[in-house]
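Start from the sequences and build out the full structure, keeping to the hints where you can.
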Amino acid sequence: MKNSQQRDLFPGALEMMILRTLKRQPLHGYALVQHIKRNSNDLLQIEEGSLYPALQRLLKEDLVKAEWGISATNRRVRIYKLTAAGSKHLEHEVSRFEKMLEGITRVLAPGES
Amino acid sequence: MNWLKQLISRRNLQSELSEEIREHLEEKIEGFVATGMSRKEATAAARREFGNITLIEEDSREVWRWPSIESFLADLRYGLRTLRKNPGFTAVTVLTLALGIAVNATMFSLVSAFLLRRPPGLDPDRVAVITSLNPAQGFLPDANPVSAPNFIAWREANHVFADMAAADEYRTVSLTPQGQPQALRSAAVSPNYFSVLGVSPELGRAFSDGEDQPGRDHVVILSHDLWERQFGSDASLIGRNIRLNRENYTVVGVMPESFHLLGFTPQLWTPLVLTAADRTAAARKDRTLYLFARIKPAVTIEQARAELSTLARRAEETFPEPEKGWGAAVRTLPDFLIYSFGIRSALVILMTTVGFVLMIACANVAGLLLARAAGRRKELAIRISLGAGRLRIIRQLLTENLVIAFLGGSAGLLLAYWGIELVRPMMTFNEAISAVPLSLDRNVLLFALSVSLVCAVLCGLAPALTASRTDINTSLKNESRAASQSSSHNRLRTVMVTGEIALALFLLIGTGLLVRGIFLIEHQNLGFRSDHLLTASVNLDEARYKDVAHQILFVRDLLPRLEHIPGSEAVAAASDLPASGLASVALQIKGHPDLPDNQRLQTRDVVVSVDYFRAAGIPLLRGRTFTDMDNATAPRVVLVNQEFVHRHLNDQEPLGQQIRLDVSGAAPEWSEIVGVVSNVKAYSEETRDDPEVYEAFLQRPVSSFSLMIRTDSDPDGLSSALRNAVAQVDADLPLNRVMSMSAVVERQKAGNPLFVRILGSFACLALILSAIGIYGLVAYSVGQRKHEIGIRMALGAGTPDVLRMVLREGLKMAAIGGAIGLALSLPLPKLFDGILYGVHFREPWLYFIVPLAILIVTMFATYIPARRAARVDPISALHQE
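Protein chains in written order, with the numbering used here: chain A, 2 to 114; chain B, 209 to 1089.
Be a bit skeptical, because a hint or two may be false.
Claimed, not checked - Part of the chain B face toward chain A, derived, beta carbon under 8 angstroms:
#1 Leu-225
#2 Asn-260
#3 Ile-264
#4 Asp-267
#5 Glu-377
#6 Tyr-378
#7 Arg-379
#8 Val-953
In case anyone wonders, no lab produced these hints; they're calculated from the structure.
All values derive from a computational prediction rather than experimental measurement.
Where a beta carbon is used, it is the ideal one built from N, C-alpha and C, also for glycine.
If you want it as structure tokens, here you go:
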């Protein structure tokens, strides 16, 4: 339970972050987690493993694709890459998220009413 | 989406995922080790931060799941397991369905071979076949050939066809390779015949323009079969000469093996030569040509039909005498071939019958499933209470039925394979039939598959629907006292068994009518003696026997030789064998008023030699038969049969009356009736007596006739002597169809006895299946009512009371089902009259015998379980829970 509260900020949040990170550059699983952790200044405590089901969902919907390759540390890893559909989906999700955030901010803003 | 690829690549995907996660952990551990942790600490920390590996792997895989397929597979496994646990039930249902599917697939192989096979050639649906419409009706009146003048006129005047060819399909030629001459069926076709059909030879070329001109017409194209059989598939035959009708013909081509047009498949083709005589008005009565035409693009078959009927009307207006009443019919090639082959209605009857058998089989299986569903109420109730939805339950039950149907379908196909092997050797009653290969082809497989699917739904839907409506509470509470709650199941089964009885009765009466009809034909008095009679047919070719004097000479020379064959008692020549479908001609009787063309009197007409009546064994009733004195110079005389006297002369004195026959190609002359003979059936397959006129061979010789030798021993023993005698007169003349008259009659029956035998076995199968259905239902309901019966008996009901109670149940179904079946089968005789030409089906007693038989079978099927019920020991029945 604790687990899912921590992970699911809201449905689709993790996917959105993955897509955003991959948009910058193709990465493998471990590097992806490190990126997200670092960029969020460790504010978002995500469980590393929960990355994988999310990646599988994205793979299934053809939003990312994966290829076996060699990492900087010379390991055989699967490198994930954003597809055209993924990049489109990301734009859509981000604009949706921004609208939602705007709504939430307005409601939370003090003393306007 | 590419779900199939996903489904297949799933296993691969999972191992990749595991590897990926392993690498991830490794990298993480190394990261921690680099910060100074020990390896052990690093591993623990990495695992902690990563989370539950198994759960994550499972969650990841879950993403790829395809829920409906997986649950289907689960249902399938479950269904197989339940079926394995009930081998008796499985065997009975699978076998019942297998039988039903097997007979259907076997019969469908006939449909596939005869009706679904596309004719060869380019786009056969765009080829029209044009035939004449005979105003005199008769057998297939709208598939009569067309006259040469009409062919020429229609080919030039029409606007709907790109090209039109004509074929004279039924010619006989003699081929003399080495040794014995052979008579072969040939067709004379216009040079564009093959191009109209869109076929080309496998060797050599088709006919070219101008080869229909006299002098250039001695070219021939062989069928693949003849080329292989007679010439050993010798490719160098092209360009060489062969002897046909005593003349040299150059072989220009060989048609491929696939070039089969059902009844229109001769052994060889020669060019059709149309002479000046073929353009005269007199030639209009000579209808010998089938017209094949390629329809212009964008023209429909209806437009072609309309155009041709206009042209036929124009011919009728211009030449009222020969064309009166005649029309034109247009069909597409595939349609025409099947129509003229006359097999469609027999196949419709067969398919309907096996369809009914299948319905009965399905009803039985559905009954068994219903009974089982009742027994499985508790299991289903538990499933429903554990949260299974109604749809899910229906789906599960249907999947189980699918398994049964699939097993039944596979077993059925296996049986059908044998069935086809069994039917194939029987389908040889004429050349065209044996030329059609029967096999378990793709159509049959598809058919069997779809029939299995339909079966699964038919058998399973009712049980599944009722079962899914299971009321959890009552089902779980009630232990085995299921007597009252399954009443709706029983009602459904009662309806189904009643339907089975109705169908079985319908089939039995239908088959009974056919069996009786065919039996009557097989045992009818044909009016002559067909035993101890050897026959052969002769076709005097034009090359040597052009004028009638030569024809007469041949017969005069040959007949005495035949008489001298040891064992021969009487010999004759006749234009047609008795009871083999004589030609019909119009006639006029002196002193009777002239009738309008389409109402003119008709009679069958045959030309016979002097001893014909003795050889055939046809008794003379009045007057005299022919003598040698009735020759070309003597006054014309004829004999008639009783039916002629009765129908055309109103039973007045026939001797001395003058009649005139309207025979094509012969000048009409008044002839005197000098004798009356008894009736001979016009066709051995029909029960009708038609008026007949016999003409003397010496007075009207014909070039194609049959020889008959009455023998005192086995007629087939004389066939070589017959061949020798003919060879002495003319060594190059082939004898065709040398066989005993009984064999001729047998051939004319065509497939009818086979047809009836097949139908009979299906009807019996239907009866057996419905008996099993009745037995199953009664036995089951008795088993369920054991408790009730125990109470009744404990309260004082005797064995006879219980027996009566159970029997009543069965008899009620038999009575209702019987009544429905009887009502359904009332119009059958009329239906069959239309399908089997010339046979009348009137057998009222069948309508008593068959219901009686059904009643007896029902009684038996009910009696066995009823007796068991009556023997119930009340104590044990009540104790049983």
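Checklist line | Residue hint Tyr-378 of chain B, partner chain A, criterion CB-CB below 8 angstroms | finding: Violated. Min distance 68 angstroms.
Margin query: Under 8 angstroms is the threshold here; is the Cβ of Ile-264 of chain B close enough to any Cβ of chain A for the hint to stand?
Written below: Constraint on Ile-264 of chain B satisfied, holds at 4 angstroms.
Check: Given Glu-377 of chain B was flagged as interface, is its beta-carbon under 8 angstroms from a beta-carbon of chain A?
Finding: Hint on Glu-377 of chain B: violated, closest Cβ of chain A at ~64 angstroms, above 8 angstroms.
Check: When the nearest CB of chain A is found for Asn-260 of chain B, is that gap smaller than 8 angstroms?
Finding: This hint holds: Asn-260 of chain B lies near chain A, its Cβ roughly 7 angstroms from the closest one there, short of 8 angstroms.
Checklist line | Proposed interface contact between Val-953 of chain B and chain A, which counts if any beta carbon pair is under 8 angstroms | finding: Given a least distance of 75 angstroms, the restraint on Val-953 of chain B is violated.
Check: Does Leu-225 of chain B meet its interface restraint, that is, does its C-beta lie within less than 8 angstroms of any C-beta in chain A?
Finding: 7 angstroms, holds
Next item on the list: Would you settle whether the hint for Asp-267 of chain B is holds or violated, based on the nearest Cβ-Cβ distance to chain A being less than 8 angstroms?
Entry: Where the cut-off is 8 angstroms and the nearest Cβ of chain A is about 4 angstroms from Asp-267 of chain B, the hint holds.
Next item on the list: So, Arg-379 of chain B near chain A? Judge it on the closest CB pair being under 8 angstroms.
Entry: Since the shortest Cβ distance to chain A is 70 angstroms, the answer is violated.
In summary, the numbered hints that this structure violates are 5, 6, 7 and 8.
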